[in-house]
Amino acid sequence: MGLTIHLQFSGGMELLFNNEKEKTVTLPDTFTPALATLKDLLPWMRDNLLSERAELFMQGDTVRPGILVLINDADWELEGELEYVLKDDDTIVFISTLHGG
Amino acid sequence: MSVDALKAEIEALKKENEALKAAARRDEEPKVLSPNGTIFDLPSVREWTHKESLDNDEISRFSRQLLMREIGVQGQLKLRNTTVLVVGAGGLGAPAVMYLAAAGIGRLGIVDYDPVEASNLQRQIVHDETRVGMMKAESAKATVNRLSSFCDCIAYNTLIESSNAMDIIRPWDIVVDATDNVATRYLLNDACVLAGKPLVSGSALRMDGQLTVYNHAGGPCYRCIFPAPPPPETVTNCSDGGVLGVVPGIIGCLQALEVIKIASGLGTSFSQKMLLFDATSGAFRTIKLRGQSPTCAICGKNPTITDLIDYVQFCGAAPTDKTPAQTLLPDDERSTCREYSSVRMGAWPHLLLDVRETVQFNICSLPNSLNVPLKDLERRLTDVEQAARQAAALESSAIAIAKDALPIYVVCRRGNDSQVAVQLLRQHGFLQAKDIAGGLERWASEIDPDFPTY
Ligand SMILES: [Zn+2]
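Those protein sequences? They're chains A and B, same order as listed. The numbering of the first sequence is full-length UniProt numbering, which starts it at 1 and goes up by one. The numbering of the second sequence is full-length UniProt numbering, which starts it at 1 and goes up by one.
Don't take every hint at face value.
To be verified - Beta-carbon label-pair distances, calculated as ranges:
#1 B/Leu266 to A/Asp73: 22 to 28 Å
#2 B/Ser281 to A/Val25: 18 to 24 Å
#3 A/Met58 to B/Thr295: 19 to 25 Å
These are computed hints drawn from the structure, not numbers from a lab. Ideal Cβ positions, reconstructed from N, Cα and C, are used throughout, including at glycine.
Just need the whole structure built from these sequences, with the hints factored in.
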């Protein structure tokens with residue numbers, strides 16, 4: 001059984017993911033528990049879930065500037081960013097920052 | 001006191017008197033309201049004199065707050081002695097300035113460079129229909145003056161930019177970011193760090209709002225959280241994406257609330273935190289952000305930014321919420337509105353392809369156009385080809401027309417996406433595809449004044 005991850009999208013990020021604000025995914029077996037990181041998850045999301053152009057989500061191997069990532073409600077910087085090792089039942093939130101007024 | 005000392009004092013008083021008179025004259029000078037945003041001189045901001053106690057008028061006016069343990073006389077006096085600069089008199093700034101003035105903030109500055117437009121009134125409730133065409137800062141000041149004589153309101157009819165931002169911000173205690181674009185947000189952040197002011201920042205789009213207090217009580221600045229600006233093509237502004245008016249209204253009210261909490265000494269709840277408001281589900285959620293970054297380019301230990309920089313260059317986008325016109329196609333792949341108008345008048349067989357989002361197409365469209373949003377175009381090319389063949393066949397049913405000869409005109413709102421669409425069509429062999437320069441906005445201004453704009 002692969003890792004189960006809860007994804008959430010906010011601030012317009014959902015528009016890049018079929019307009020779904022929440023999605024629970026089961027990752028394929030290529031994601032080895034205790035080894036697979038966020039660095040593996042992002043391209044998988046891009047290839048399997050993203051419904052818009054890739055550059056609206058990613059730049060290089062990370063998220064593009066202007067997207068906040070939370071891992072279990074904490075800023076991902078506090079959790080090692082791309083090196084964070086995925087755990088079963090993790091909640092990962094992607095927030096697009098807004099600039100309008 | 002010696003005669004010389006008395007003479008010197010008299011001279012000094014005369015000078016001060018002249019300076020005060022000159023400043024008063026400047027205040028009285030009738031302002032020219034410019035709809036195209038002529039640059040005005042910065043208003044002179046005299047030092048704000050603090051009061052030691054509330055007078056009777058203030059006691060009765062602000063009694064509901066004096067009765068509160070959280071505010072009381074001391075808190076109300078602090079509000080009176082605090083000066084607040086609100087940058088942006090739009091959807092966020094509108095409720096913010098009204099609640100701040102109503103609450104008894106002593107002096108309120110309002111910065112905005114745009115005139116009031118009818119499409120602003122759905123959310124910018126500090127303005128009204130009689131103010132369309134008036135500078136927003138002046139209009140907001142007029143509303144504040146009518147609301148409260150206890151508030152000294154100063155309007156800056158000025159585009160805040162690197163050359164004037166420090167001068168504008170310096171006299172104020174707290175700054176409110178109620179702007180609508182990325183470049184001004186970085187500018188305000190850097191100016192507030194350099195000047196040592198807290199920045200109460202709000203933003204909104206569609207059904208979402210966000211709120212954070214930066215550069216306050218040891219917390220992070222905007223750059224600590226967002227060291228690099230978003231790529232310009234990923235930024236959606238309210239004039240393209242839309243916004244439900246009450247959403248920035250709610251965030252603007254919360255900005256006023258946080259200013260009042262900081263000014264009265266209660267303290268803010270949103271340093272190193274971001275409030276996310278999702279109007280669709282009615283959910284408020286507060287997330288914890290990373291702390292102040294020692295490597296931050298402006299507030300870190302060894303800042304690389306010590307003066308304001310060129311923010312338009314840094315962000316690759318102008319300090320406006322309007323999308324600028326781009327030129328991607330050579331002239332011979334474009335058609336003017338006039339040329340296209342004669343195509344319609346002459347009933348030349350052609351397909352008009354409208355590549356706007358369907359919500360926009362539903363607002364208004366030219367008759368007999370096919371709507372395929374730009375993002376769907378690549379996978380709907382067969383639909384386009386079929387429709388183009390049908391349109392062309394009306395005249396020449398017997399002759400099979402080659403794909404590269406199908407007459408296709410592409411239109412969008414302003415003539416940017418239509419160029420991208422023509423590039424894509426030509427790559428796929430539709431070699432007669434042309435766009436309509438300036439889009440439906442220019443169609444309305446040059447050809448059909450009855451065609452709606454939005
Ligand atoms: Zn910083």
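- Task: Kindly confirm whether 18 to 24 Å is satisfied by the beta carbon distance between serine 281 of chain B and valine 25 of chain A.
- Result: 21 Å, holds
- Task: Can you let me know if the beta-carbon spacing of methionine 58 of chain A and threonine 295 of chain B is within 19 to 25 Å?
- Result: Holds, since methionine 58 of chain A and threonine 295 of chain B (Cβ atoms, about 23 Å apart) stay within the stated range.
- Taking 22 to 28 Å as the hint, is the beta-carbon distance of leucine 266 of chain B and aspartate 73 of chain A inside that range? 25 Å, holds
Comparing the model with each earlier hint shows no violations; every hint is respected.
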